[in-house]
Amino acid sequence: MYQYTDTDQTLVDERVAQFRRQTEQFLKGELSEDHYRALRLRNGVYIQTHAPLLRVAGPYGLLNSKQVRKLAHIARFYDKKYCHFTTRQNIQFNWPKLEQIPDILAELASVQMHSIQTSGNCMRNTTTDHLAGVCVDEIEDPRPYCEIIRQWTTLHPEFDYLPRKFKIAVSGALHDRAATQFHDIGLHLVKNAEGEVGFKVIVGGGLGRTPIIGQVIKPYLEKKHLLSYLEAILRIYNLYGRRDNKYKARIKILVKESSLAKFSALVDKEWSHLKDNNELSAERLTAMCAQFSAPAYDDQALEDQSFAQHQAADQAFATWVKHNTANHKVSGYRAAFVSLKAPDSPPGDMTDDQLEAVADLADAYSFGEIRVTHRQNLILADIKQADLYSLWQKLAEQKLATPNIGTATDMICCPGLDFCSLANAGSIGIAKEINEALDDMDYIHDIGDLKINMSGCMNGCAHQSVGHIGILGVDKKGTEWYQLTLGGSSENNAAIGERLGPAVAKDQITQAIVTILDVYIKQRLEEESFLDMVNRVGITPFKEQVYATH
Amino acid sequence: MQLIKDQQIIENTWQYIADNDELKTGDISVSFARWQADKKQLMAHDGKLGIRMSTTDSADELANDLEKFQLIELDFPDFADGRLFSQAWLLRGRYHYQGEIRAIGHYIPDQVFYLARVGVNAFSPKVAEELPDIIKKLKDFTVNYQNSIN
Chain W
1 MYQYTDTDQT
11 LVDERVAQFR
21 RQTEQFLKGE
31 LSEDHYRALR
41 LRNGVYIQTH
51 APLLRVAGPY
61 GLLNSKQVRK
71 LAHIARFYDK
81 KYCHFTTRQN
91 IQFNWPKLEQ
101 IPDILAELAS
111 VQMHSIQTSG
121 NCMRNTTTDH
131 LAGVCVDEIE
141 DPRPYCEIIR
151 QWTTLHPEFD
161 YLPRKFKIAV
171 SGALHDRAAT
181 QFHDIGLHLV
191 KNAEGEVGFK
201 VIVGGGLGRT
211 PIIGQVIKPY
221 LEKKHLLSYL
231 EAILRIYNLY
241 GRRDNKYKAR
251 IKILVKESSL
261 AKFSALVDKE
271 WSHLKDNNEL
281 SAERLTAMCA
291 QFSAPAYDDQ
301 ALEDQSFAQH
311 QAADQAFATW
321 VKHNTANHKV
331 SGYRAAFVSL
341 KAPDSPPGDM
351 TDDQLEAVAD
361 LADAYSFGEI
371 RVTHRQNLIL
381 ADIKQADLYS
391 LWQKLAEQKL
401 ATPNIGTATD
411 MICCPGLDFC
421 SLANAGSIGI
431 AKEINEALDD
441 MDYIHDIGDL
451 KINMSGCMNG
461 CAHQSVGHIG
471 ILGVDKKGTE
481 WYQLTLGGSS
491 ENNAAIGERL
501 GPAVAKDQIT
511 QAIVTILDVY
521 IKQRLEEESF
531 LDMVNRVGIT
541 PFKEQVYATH
Chain U
1 MQLIKDQQII
11 ENTWQYIADN
21 DELKTGDISV
31 SFARWQADKK
41 QLMAHDGKLG
51 IRMSTTDSAD
61 ELANDLEKFQ
71 LIELDFPDFA
81 DGRLFSQAWL
91 LRGRYHYQGE
101 IRAIGHYIPD
111 QVFYLARVGV
121 NAFSPKVAEE
131 LPDIIKKLKD
141 FTVNYQNSIN
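Residue numbers (the working numbering), protein chains in the order written: chain W, 1 to 550; chain U, 1 to 150.
Taking CB as the label site, the calculated pair distances span:
id, chain 1, residue 1, chain 2, residue 2, range
1, U, Lys68, W, Ser421, 47 to 53 Å
2, U, His96, W, Tyr220, 31 to 37 Å
3, U, Ala33, W, Gln9, 45 to 51 Å
4, W, Ser110, U, Ile10, 40 to 46 Å
5, W, Arg499, U, Ala33, 47 to 53 Å
Keep in mind the hints are simulated off the structure, nothing from the lab. We treat Cβ as the ideally placed atom computed from N, Cα and C, and that holds for glycine.
Could you put together the complete structure from these sequences and hints?
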């Protein structure tokens with residue numbers, strides 16, 4: 001895992017000092033609301049329904065145990081003893097006091113963390129595959145490139161006042177687990193005909209009000225040109241992106257309105273001036289890759305017999321292994337999910353005690369590292385199979401072992417009307433209702449792979465448009481209604497969900513979900529997943545049943 | 001009115017001539033439109049010449065004439081509009097403009113560190129009270145991750 005240099009540390013320390021001055025100036029009335037707003041947003045501070053919200057960067061989702069203990073400390077002393085993990089692999093605190101936020105940022109800086117550019121119209125936290133470096137289908141570990149991009153995007157002097165926010169995701173595996181086709185820029189590590197590894201560059205994807213699948217602008221980019229090519233795209237976007245309407249200001253609209261061919265020509269022209277002067281050196285790449293070298297795996301890990309015995313003897317453990325662990329590139333190891341989707345707690349939330357427990361488990365079993373997934377769970381990525389049983393028991397004690405990863409109750413959910421000032425409708429309450437309706441784990445496992453994403457408004461923070469089932473909260477004359485979409489996907493087969501029909505009233509939404517799942521159970525072919533069935537039969541059979549009584 | 005140039009407080013010696021106003025003696029700046037319309041007359045001007053760029057003007061269009069100007073003013077309509085950050089970078093980084101680049105209008109003191117890094121070396125405050133704040137904020141950071149113009 002990347003360790004800060006003196007430069008990194010100085011930069012975050014100076015950023016804390018800068019924000020402390022800005023906050024003092026604001027509180028003394030020397031800085032206008034409008035100006036301070038732009039500055040605080042660039043430090044992850046929103047003003048929400050009840051209190052400020054602080055969004056802390058989880059750089060490409062990677063944290064160590066010391067950092068997680070710090071999050072627990074912040075939750076305990078500055079907030080209401082919990083925090084929330086987001087779809088950008090970030091961490092949110094819902095109840096900090098504005099005047100204490102500079103102190104919180106200083107606490108974060110002491111463990112090599114920050115909240116820089118986690119909101120505002122600037123380049124945001126770069127995200128990646130939560131199984132980076134350990135998955136079996138990887139071409140190359142994307143994290144060194146994520147860190148290079150993190151540094152390049154941080155306090156970039158030219159691109160801090162873009163037309164709109166800008167998000168980059170990197171995937172190094174065959175299976176796209178980073179939703180790269182729905183980012184302003186998506187980067188895929190790929191091999192060319194000569195067997196060299198470079199980047200496929202995708203541009204102009206995005207979710208939110210106008211979901212668009214990104215287009216390939218460069219099928220193969222040599223690694224050494226990564227930053228010069230990003231610079232070219234950003235400069236063209238900064239100069240030509242629309243600033244007259246914030247709903248049309250993302251790069252996806254610029255690419256769409258000007259056509260990929262024209263946009264690409266502008267980028268190439270700009271890039272021709274840059275590419276030879278700003279190459280990433282082989283030394284820098286090698287040094288950065290060394291920061292992410294594999295930990296000291298036990299080459300005898302597969303010798304263990306207890307793992308198979310425990311699975312045979314304990315059905316609950318076997319079920320957890322099946323649903324909440326993933327294959328690892330090293331024999332005898334698995335990656336273990338920490339489910340933040342227990343039925344009775346808001347999706348993605350974690351208490352101070354749970355954070356500390358997971359930090360201890362990471363130290364005991366997973367080289368002290370913890371990852372955040374973009375579906376709002378955590379992963380301990382390097383668990384020896386012999387340790388999985390005790391890990392499972394300890395996670396279960398903390399209510400972090402619900403065996404539901406990738407299933408109906410592993411919902412992505414935004415904070416909704418309960419916290420967010422933008423929301424039109426509640427989402428946490430609906431998630432709870434759906435959980436209560438689907439309380440039979442065997443039923444959930446029978447349904448299998450299912451991604452339900454629910455957002456409380458059109459901004460789509462919970463990526464409802466790429467959910468296999470998407471739920472979007474809308475306001476109709478002061479009451480909460482929910483629009484349903486089916487068939488979305490953020491993976492390789494990227495697709496935007498199709499609208500099922502008119503919005504459903506709040507007291508009908510859970511029944512609608514249950515009905516959709518019943519249609520699937522009755523009409524699926526053998527081994528056919530929910531998404532495959534929707535792709536085969538379309539939305540009509542679902543629509544007929546959901547609206548049958550209307 | 002005082003301003004900051006190369007981290008020092010100095011007196012302004014320049015006057016902006018609006019598009020419909022008569023030219024005056026001394027050091028003057030004009031809009032890009034005026035420059036295009038009155039090039040001949042402006043070339044005969046006996047003081048120094050400057051250009052005031054708006055967010056819709058481009059460094060590319062000015063590139064061939066840059067040596068004629070001792071001053072380029074970047075006129076910010078709103079601090080949130082970042083286009084002039086790129087224009088400043090292009091003027092310095094691509095076209096190697098050596099004269100003064102001055103931020104005017106509605107930028108904010110909290111942006112001067114970035115503006116300096118993309119090549120702006122002079123800052124005209126909205127009010128005189130901003131002067132010490134601007135000087136202080138030019139030193140917000142001692143480190144950075146990208147190449148700088150300054």
